[in-house]
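Below, each chain spelled out in residue letters.
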Amino acid sequence: MARAHTATADERHAPPAKGRPIPMAAVLTIALVAMGLAAFLPLLQSSHLTNTGHNIRELEGQRDDWQARTHELEAEIASLAALDRIEKEARERLHMQEPEEKLYITVDVAAPEDQPVPARFLPPTRQPAEEHQSWWQSLLHLLPFP
Amino acid sequence: MAGQGNGISRRLGLVIVLLLIATLGLVGRLAHLQLFSHQEYQEQAQDEHQGSLALNPRRGAILDSNGYPLAASIDAYDVVVDSQVWDDPARAQQRAEALADVLNRPPQDILDDLSTSITREVTVGRGLDYQGSLRVEDLGLPGVRLVRTGHRVYPEGNLAASLIGFIGRDNVGLTGLEADYDRDLRGAAGSLSYERDALGRQIVHGYSKRVPPEPGADIVLTIDRYMQRLAERELDAAVERHEASGGTIIIMDPRTGAILAMASRPSFDLTNLDLSDESMMDLYRNRAIIDLYEPGSVFKVITMAAALDAGLVSPESVYVDEGAARVSGWTIVNWDYGTHGTQTATQILVKSLNTGAVWLSELLGSGRFYDYVHRFGFGQTTGVGLSGEAAGQVRTPAEDDWSEVDMATNSFGQGINVTALQVIAAISAIANDGKLMQPYVVQEIRRGDERQVFQPLEVRQVITAEVANTLTHMMNAVVDGITAIYAISVPGHQVAGKTGTASISIPGGYKEDAYIASFAGFVPSDDPVLAMLIKIDEPKDVPWGSAVCAPVFARMAQSILDYLKVPPAPEALVHESP
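Protein sequence lines correspond, in order, to chains S and L.
For the first sequence, position 102 (counting from the first letter as 1) is numbered 102 according to the working numbering, and the numbering increases by one without interruption.
For the second sequence, position 143 (counting from the first letter as 1) is numbered 143 according to the working numbering, and the numbering increases by one without interruption.
Mixed in with the good hints there might be a few duds.
In silico DSS-like pairs for lysine-lysine, Cα to Cα no more than 30 angstroms straight-line [claimed, not checked]:
hint: 1; chain 1: L; residue 1: 565; chain 2: S; residue 2: 88
hint: 2; chain 1: S; residue 1: 102; chain 2: L; residue 2: 435
hint: 3; chain 1: L; residue 1: 540; chain 2: L; residue 2: 351
hint: 4; chain 1: S; residue 1: 102; chain 2: S; residue 2: 88
hint: 5; chain 1: L; residue 1: 540; chain 2: L; residue 2: 435
hint: 6; chain 1: L; residue 1: 565; chain 2: L; residue 2: 511
Don't read these hints as lab results, they were simulated from the structure.
Kindly generate the complete structure, drawing on both the sequences and the hints.
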C-alpha cells in the first residue's frame with residue numbers, strides 16, 4: 001500500500017529550487033562582444049559613408065565626362081547639319097545641281113509642318129499605349145451581356 | 001643658519017619670479033597669436049591645407065531662328081601645375097617631358113612657365129579637348145590638375161561673323177552679340193573648396209564643398225541661316241564681280257522688324273582669329289549698323305512719301321523739269337544731265353530725277369521735310385540692341401551753317417549720312433502700311449526652362465496706309481522700268497523698290513569716280529514678307545544701283561520666296577492638280 005510522502009523539516013526550510021546559474025565568464029564574454037560590436041558599428045558606418053562618398057565622386061566624374069561627350073556630339077551634329085556640308089554632299093556624293101528652270105505647280109496635299117531641327121534629332125513620337133486588360137476583365141467579354 | 005635660509009629663499013623667490021615672467025610672456029604670446037593674429041594664421045593654415053578652384057560655366061549658344069547653332073561651346077580643359085609640388089628639378093624635368101607630349105609643346109617651355117610665374121599654380125596648357133584631358137589624367141602626374149573651360153565652335157563657319165562677334169581667352173565676349181549679350185551667355189561660375197594633401201591633390205575623404213556653376217543662356221536670333229548664307233554668297237559674288245571695296249546686305253521682315261540676314265564685307269575669319277594682329281581691328285565692326293553713307297536716290301522715296309502724306313502731290317501730279325534746279329546760288333542737275341520736260345511724280349521716281357526731288361522738298365518746306373526725315377528714323381539709332389550703332393547725321397535748319405541747298409541735296413539723298421539699317425527700316429515702314437517697326441536681331445533668350453521672348457515693337461505710324469499703298473505702286477513702276485532694261489524680274493511676284501547711286505563723301509568734298517550703288521525694296525509688293533537692301537561700295541565697272549544691285553535683289557528674292565514657300569501669282573503656275 002502506498003504512503004503519502006510528507007516533507008521533512010530540512011526539506012521545508014530549504015530554499016526553492018532554481019535554474020542553472022549563468023557563469024560570470026559567459027556574461028562578461030557577451031558583454032565584451034556587445035561592446036565590441038557597438039564599437040565596430042561607427043567604424044562600419046564610417047567605412048560605408050567613405051565608400052559612398054567615393055562612389056558619388058566617381059559618378060560625378062563620370063557624369064561630367066558624359067556631359068563633355070554629349071556637348072562634343074551636339075557640336076558634331078551641328079557641323080554635320082551645316083549648310084555648306086549639306087551642299088557639298090549633295091553636289092559631290094549625290095551629284096545634284098542647282099535647277100536651271102523652276103516650275104511652280106499647285107498640289108492639293110498639305111505641306112509637311114516645319115521642324116525646328118531635323119526630325120532625326122527629335123525624340124521619337126510616342127504611340128498611345130494600348131489599354132491593358134487583366135485576365136478577369138477579358139473573362140467578362142465571354143459573358144452574354146452587351 | 002638663518003642667513004643661509006634667507007639666501008635660499010631669495011634664490012627660490014628669484015626663480016619663481018623668473019618663471020612667472022616667462023609664463024606671463026608665454027601667455028601673452030599665446031593671447032597675441034590666438035586673439036590678434038588668429039585670422040592671419042588661420043588663413044595661412046587654410047591656404048596650406050585647403051585648395052579651391054573656380055568651376056567655369058558652359059557658355060550659352062547663339063542659335064539661328066530655327067534653332068541651328070551659329071556659335072556653341074564644347075568643353076575644353078586647361079592644365080594647371082602646382083609649382084610647389086614640382087620643386088625637385090629632376091622630377092620636374094621628367095614630369096614636364098611626360099606632359100609635353102600631350103600638350104604638344106617643348107618640356108623646357110613648361111618649366112620656364114613654372115619658373116617665371118609669380119603664382120603657385122601655373123596654367124601650362126590651354127584648350128585641351130576631351131580626349132587630350134583623358135591622356136593627361138592617365139599620366140597621373142602629382143601636382144597636375146585639369147580645369148574645365150570652354151572652347152567656342154562655329155558649325156556654320158564664318159556665317160554672320162561681324163554680327164556674332166567673338167570671345168577672348170577668358171571666355172568674355174569682345175565684339176558683336178558675344179559682347180552685347182555677354183551677361184546672359186556667360187552664366188555664373190561655381191566653386192570647389194577641398195582639403196588637399198602634401199602633393200596638392202584633393203583628399204578623397206576630406207572636406208569638400210561644391211557650388212555648381214550656372215550655365216549661360218542660349219540666345220535665339222531672328223537670323224535665318226539659309227538667308228544669311230545666301231546674302232553672304234551673293235554679296236561675295238557681287239563684290240568680286242564688280243571689284244568693289246565692300247558692301248552690305250540686310251534682309252528684314254517688314255511686318256515685325258525682325259532682321260533675317262545681315263551681311264557685311266570686308267569681314268574676318270571667325271574660325272581663325274589672330275587678336276594680336278592690329279591690322280585686323282578694322283574688320284571686326286558690324287558695318288551695317290556702324291558705317292555711315294549717303295544713300296543717294298533711294299532717299300527720294302522718303303521725300304516722295306513725305307510729299308504724298310502731306311497731301312501736296314499725287315502720283316499724277318506734274319512738274320516741268322528744266323534740267324537744273326537753282327537753290328541759294330547752287331545749280332543742281334539730274335544724274336544724266338538731261339532735261340525731261342513735263343514729268344509726273346511717279347516719273348520722278350522711275351527716272352530718278354534730282355530736280356523732281358528738289359521740287360518736292362520745296363513744296364514741303366524745311367520744317368515738314370525734316371519732320372518726316374526724323375519720323376522715318378533717320379538721325380537717331382534704331383534701337384536694334386547692338387552696341388556701336390550710329391545715329392547718322394541729319395543737318396537741320398536749327399544748325400547755324402544749314403542752308404536751303406542742304407535740304408535740296410538731302411531730298412535726293414546727298415549731304416545726309418545714314419546707316420544701312422536705317423534705310424531698310426524706313427523702306428520696311430512703307431511695306432508695312434506706313435508703320436515703322438523697331439529692328440531686332442534677338443527673338444528669345446533661353447535660360448533652362450525659362451524663356452524671355454522679345455516681341456515686335458511698333459515705333460510709330462509714319463505715313464498713312466493709303467499713302468504707303470500709293471507709294472508702293474509708284475515703286476512697282478520703278479522696278480518695272482529697271483526690268484525693261486536689265487531683265488531682273490522675280491517671276492510670279494511683283495517687286496517694289498528704288499535704286500540709288502551715291503557719291504562718297506570725304507573730308508572737304510566727294511571722292512572722285514567712286515560711288516555707292518544700292519537697291520532697296522520689298523516683295524511681294526501686295527503682301528510683303530521681306531524687305532531687302534543691297535549696297536555695294538565702289539564698284540569699279542559700273543556705278544549704277546540698277547545694274548549692280550537690282551539683279552542681286554532679284555536672284556535673292558526668288559530664292560527666299562521659294563524657301564519661305566510663298567506661292568507665286570496664279571499666272572506663274574504651269575499646272576494645277578484637279
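Results for each hint:
no. : hint           : verdict
1   : L:565 to S:88  : 24 angstroms, holds
2   : S:102 to L:435 : 34 angstroms, violated
3   : L:540 to L:351 : 23 angstroms, holds
4   : S:102 to S:88  : 22 angstroms, holds
5   : L:540 to L:435 : 37 angstroms, violated
6   : L:565 to L:511 : 43 angstroms, violated
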